[in-house]
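Student: Work the whole structure out from these sequences, hints included.
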Amino acid sequence: MTDEAATLSAAGPLTRDEVARVVARDIPSGSYVNLGIGLPTKVANHLEPDSGVVLHTENGMLGMGPEAHGDEVDHDLINAGKIPVTELPGAAYFHHADSFAMMRGGHLDICVLGAYQVSAGGDLANWHTGRPDDIPAVGGAMDLALGAKQTFVMMDLFTRSGEPKLVPSCTYPLTGLACVSRVYTERAVFLLGDGQVRVRQTFGTNVADLQAGLPGVELVDATGRA
Amino acid sequence: MTDEAATLSAAGPLTRDEVARVVARDIPSGSYVNLGIGLPTKVANHLEPDSGVVLHTENGMLGMGPEAHGDEVDHDLINAGKIPVTELPGAAYFHHADSFAMMRGGHLDICVLGAYQVSAGGDLANWHTGRPDDIPAVGGAMDLALGAKQTFVMMDLFTRSGEPKLVPSCTYPLTGLACVSRVYTERAVFLLGDGQVRVRQTFGTNVADLQAGLPGVELVDATGRA
Amino acid sequence: MTQFVADPDEAVAGIGDGVSVMIGGFGTAGQPVELIEALVRSGARDLTVVNNNAGNGDVGLAALIGAGRVRKIICSFPRQSDSHHFDAKYRAGEIELELVPQGNLAERIRAGGAGLGGFFTPTGYGTLLAEGRETREIGGRHYVFELPLTADFALVKAHRADGMGNLTYRKTARNFGPVMATAARHTIVQVAQVVPTGGIDPEVVVTPGIFVDTVVELPSAQPAPEEDGQ
Amino acid sequence: MTQFVADPDEAVAGIGDGVSVMIGGFGTAGQPVELIEALVRSGARDLTVVNNNAGNGDVGLAALIGAGRVRKIICSFPRQSDSHHFDAKYRAGEIELELVPQGNLAERIRAGGAGLGGFFTPTGYGTLLAEGRETREIGGRHYVFELPLTADFALVKAHRADGMGNLTYRKTARNFGPVMATAARHTIVQVAQVVPTGGIDPEVVVTPGIFVDTVVELPSAQPAPEEDGQ
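Residue numbers (our numbering), protein chains in the order written: chain A, 12 to 237; chain B, 12 to 237; chain C, 11 to 240; chain D, 11 to 240.
What the hints contain is simulated information worked out from the structure, not anything from laboratory work. It is possible that some hints are incorrect.
[Unchecked claim] Derived SDA-like pairs (lysine to any residue); straight-line CA-CA distance at most 25 Å:
#: 1; chain 1: A; residue 1: K160; chain 2: A; residue 2: R142
#: 2; chain 1: A; residue 1: K176; chain 2: A; residue 2: P100
#: 3; chain 1: A; residue 1: K176; chain 2: A; residue 2: T52
#: 4; chain 1: D; residue 1: K82; chain 2: C; residue 2: G149
#: 5; chain 1: C; residue 1: K99; chain 2: A; residue 2: P147
#: 6; chain 1: B; residue 1: K160; chain 2: D; residue 2: K82
#: 7; chain 1: D; residue 1: K99; chain 2: B; residue 2: G141
#: 8; chain 1: B; residue 1: K176; chain 2: D; residue 2: T207
#: 9; chain 1: C; residue 1: K99; chain 2: A; residue 2: G141
#: 10; chain 1: A; residue 1: K176; chain 2: A; residue 2: E98
#: 11; chain 1: A; residue 1: K160; chain 2: C; residue 2: P229
#: 12; chain 1: B; residue 1: K160; chain 2: C; residue 2: H94
#: 13; chain 1: A; residue 1: K176; chain 2: C; residue 2: L138
#: 14; chain 1: A; residue 1: K160; chain 2: A; residue 2: D120
#: 15; chain 1: D; residue 1: K99; chain 2: B; residue 2: E78
#: 16; chain 1: B; residue 1: K160; chain 2: D; residue 2: G136
#: 17; chain 1: A; residue 1: K53; chain 2: A; residue 2: D85
#: 18; chain 1: D; residue 1: K99; chain 2: B; residue 2: I146
#: 19; chain 1: A; residue 1: K176; chain 2: A; residue 2: P147
#: 20; chain 1: B; residue 1: K160; chain 2: C; residue 2: G24
#: 21; chain 1: B; residue 1: K160; chain 2: B; residue 2: R36
#: 22; chain 1: A; residue 1: K160; chain 2: C; residue 2: K99
#: 23; chain 1: B; residue 1: K160; chain 2: D; residue 2: I148
#: 24; chain 1: B; residue 1: K160; chain 2: C; residue 2: F14
#: 25; chain 1: B; residue 1: K53; chain 2: D; residue 2: I148
#: 26; chain 1: B; residue 1: K176; chain 2: B; residue 2: I146
#: 27; chain 1: B; residue 1: K160; chain 2: B; residue 2: L202
#: 28; chain 1: B; residue 1: K160; chain 2: B; residue 2: P143
#: 29; chain 1: D; residue 1: K82; chain 2: B; residue 2: L202
#: 30; chain 1: C; residue 1: K82; chain 2: A; residue 2: P184
[Said to hold, decoys possible] Chain A is nowhere near these chain C residues, computed Cβ spacing over 12 Å in every case:
#: 31; residue: D68
#: 32; residue: A183
#: 33; residue: F186
Virtual Cβ for every residue (Gly too), placed ideally from N, Cα, C.
Tutor: Set out below in structure tokens:
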């Protein structure tokens, strides 16, 4: 464990920006990455300028730069959230079928998504609350969920009303099956796979306390502190 | 019947260049056309410079110009027969999947192909003699046969040994089913469709004599001379 | 052959009632707003529209929906912060929605243009959007069968056209334009500039003219208008 | 990340026995001759090769086949006037041939790169090449089911690469390169010129660097060598 990780672990639950920093540090240099709309966009703020990480946006671009401001704004150059962005040297544009072929074909290294729920088996629910009065809208969520070599989820571990979002099986409509390999939350980083949920790191808590808050999900302590 | 058609009809069987000219005159101005390798390439020589006909080559180009000579030769710019060609203003290059999507998707107006046999129902055989010692090679033949809005065949009506090539059903391995809409030969132009074989035009012969030479194929006289 | 017309109204004059229309754009980037406004003026109704979204604000596709001209929309992401015209029609039961994951939508359009009969995609397997659909396990992975999409017309916004109808696009406004142009029986394109034949390098053509039936030059249509939020 | 290496031998050093290799080119246009020659020198054997043809003359793919390194070839047009190396191996029963119509070959490679499970194509229906294959009638038309193709490696010849591995091609030498680059686990590209990052306009990139693992600059490799007849 690095000094910084030890500090984070002792200090209590992380802020969302701190979670974004943990995710950013786990992205290897030179990776091709898609950051989902919402919370995951914060990860971009924590990527080192020399990381060589190349950002993909589903609407047809590799080499996406930071959000555009002032004179940089060009409404033909937007991200998946329809926010004006910039273009980095070495960028490339392509049409939508090519963009999603790139995702579906497993060419992206990492996709970081938000979630309503993640199951112990890696199922993801992040597109639809399932409420009958909701107008459903899926966008690229299902393609993103299973397209990348690894799908990371970044979410709060509990809802505002205190319900766990890491669950034995999802009750919200699914986005994809067995597609999530890691879950980053304010209290812990979970590694999913081979039917196990391993706790890699905790923040201001411990595996026993986490286990008490996550009924039906069997945690394996992989913090190296057990 | 135009004066030229009347002259051709009286003069006896056409040469291959004359057949190519008949095909060329039947291609409407502004058509997108693929000319198969072999005999059909002769059609290009008879297209008027102002015809606006755009030639497609399966290896990834629209706007193909005439064969290249001397300094024009560039071995990165070839046709489907792997002969160096030239590029016309307004040309476009694309990759192989896009090129065949263009064909398969029915975007070409006309494809002109050679043939071993054509059946009365429009089946085409032009890729394989079926001889057991033959190394089979299909190339783009099957894609071309059914890709264009109309597939024209340009062939001799009889083999060197006198066998008819317009037949009740093909004995050679098929390239495509019910895909040929016209057959241009040295003795007649045949229109195929709705289960009929209509003779549009004869060259130095008549429908009765043609019928005698094409057993099992019921000809309908559409020459306007019946 | 590509026809060049003088204004958007002439460009869309052939679009009648009850037809299907693919409309390019991801939000407002690449949305052919002037062509859609002409379609609103034309009075064509009972349309089936294919677009990634279901309109933003009060212009373009949103105006077409607001005017009650769209019977059915096939899209991936109808609900947005500024999709109030769609929202109202949907809640009133006045518009039919076919929701398709975005990558499947793009691939179905491509398949339509490429003459394929359908394909197996992993996207959506095991979800609500695949319920009742044919599935298949291939090489140990699960797939859902999707059919191709074609349309009577496509309305596309590109950047430049040459005299042959060859097109280039601009940045992420490219999005659905190139595949939609291949999948419609009649493709109508608005461009910021028409250049003479030979004015686009054959190596950089994105949509060859074979896919382009009608072009209208609208110098003022560039760049895309601003839009609200996500 | 794209790696840049000094010579073709280093570029192909990872290709071992028994792997599958897609090789770009239509005849000699776009054929990465120098990479193939390096593969001959490497001694790798028992290869499965995907190419449109089965070699021309005595260089490149023809030399690889002639050296007995190819166990199986998947192609559309093996028999040519100058395919004597393939012809001899085939008649001797020393090479396996899987013959695929050219458009189905290109589409299968694209499907492999695009993560699809397979597709229905009209091409080949009712012919020898569809015997024993699954067929389906969709919308009144007949189709044959085709599976995707992927490979361990792809050898591609492009024109320029930038520092990110983005590629452009030259004229009809583009052919199979762009789809093969997407369908291999490791794509190795020879280019006539490497330019600095930013040296290729993002609008004209044909193959984005995400599909390119290894690049070697071979200024002398351009243009394609002459070849015999058809």
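Student: A separate judgement is required for each hint: does it hold in the structure or not?
Tutor: Each hint, compared with the structure:
no.: 1; hint: A:K160 with A:R142; in the structure: violated, 31 Å
no.: 2; hint: A:K176 with A:P100; in the structure: violated, 39 Å
no.: 3; hint: A:K176 with A:T52; in the structure: holds, 20 Å
no.: 4; hint: D:K82 with C:G149; in the structure: holds, 21 Å
no.: 5; hint: C:K99 with A:P147; in the structure: holds, 14 Å
no.: 6; hint: B:K160 with D:K82; in the structure: violated, 36 Å
no.: 7; hint: D:K99 with B:G141; in the structure: holds, 20 Å
no.: 8; hint: B:K176 with D:T207; in the structure: violated, 58 Å
no.: 9; hint: C:K99 with A:G141; in the structure: holds, 20 Å
no.: 10; hint: A:K176 with A:E98; in the structure: violated, 35 Å
no.: 11; hint: A:K160 with C:P229; in the structure: violated, 43 Å
no.: 12; hint: B:K160 with C:H94; in the structure: violated, 43 Å
no.: 13; hint: A:K176 with C:L138; in the structure: holds, 20 Å
no.: 14; hint: A:K160 with A:D120; in the structure: holds, 5 Å
no.: 15; hint: D:K99 with B:E78; in the structure: violated, 34 Å
no.: 16; hint: B:K160 with D:G136; in the structure: holds, 19 Å
no.: 17; hint: A:K53 with A:D85; in the structure: holds, 22 Å
no.: 18; hint: D:K99 with B:I146; in the structure: holds, 11 Å
no.: 19; hint: A:K176 with A:P147; in the structure: holds, 21 Å
no.: 20; hint: B:K160 with C:G24; in the structure: holds, 22 Å
no.: 21; hint: B:K160 with B:R36; in the structure: holds, 18 Å
no.: 22; hint: A:K160 with C:K99; in the structure: violated, 40 Å
no.: 23; hint: B:K160 with D:I148; in the structure: holds, 19 Å
no.: 24; hint: B:K160 with C:F14; in the structure: holds, 23 Å
no.: 25; hint: B:K53 with D:I148; in the structure: violated, 37 Å
no.: 26; hint: B:K176 with B:I146; in the structure: holds, 22 Å
no.: 27; hint: B:K160 with B:L202; in the structure: holds, 15 Å
no.: 28; hint: B:K160 with B:P143; in the structure: violated, 34 Å
no.: 29; hint: D:K82 with B:L202; in the structure: violated, 43 Å
no.: 30; hint: C:K82 with A:P184; in the structure: holds, 24 Å
no.: 31; hint: D68; in the structure: holds, 16 Å
no.: 32; hint: A183; in the structure: violated, 4 Å
no.: 33; hint: F186; in the structure: violated, 5 Å
In this structure, the earlier hints numbered 1, 2, 6, 8, 10, 11, 12, 15, 22, 25, 28, 29, 32, 33 are contradicted, and the remaining ones agree with it.
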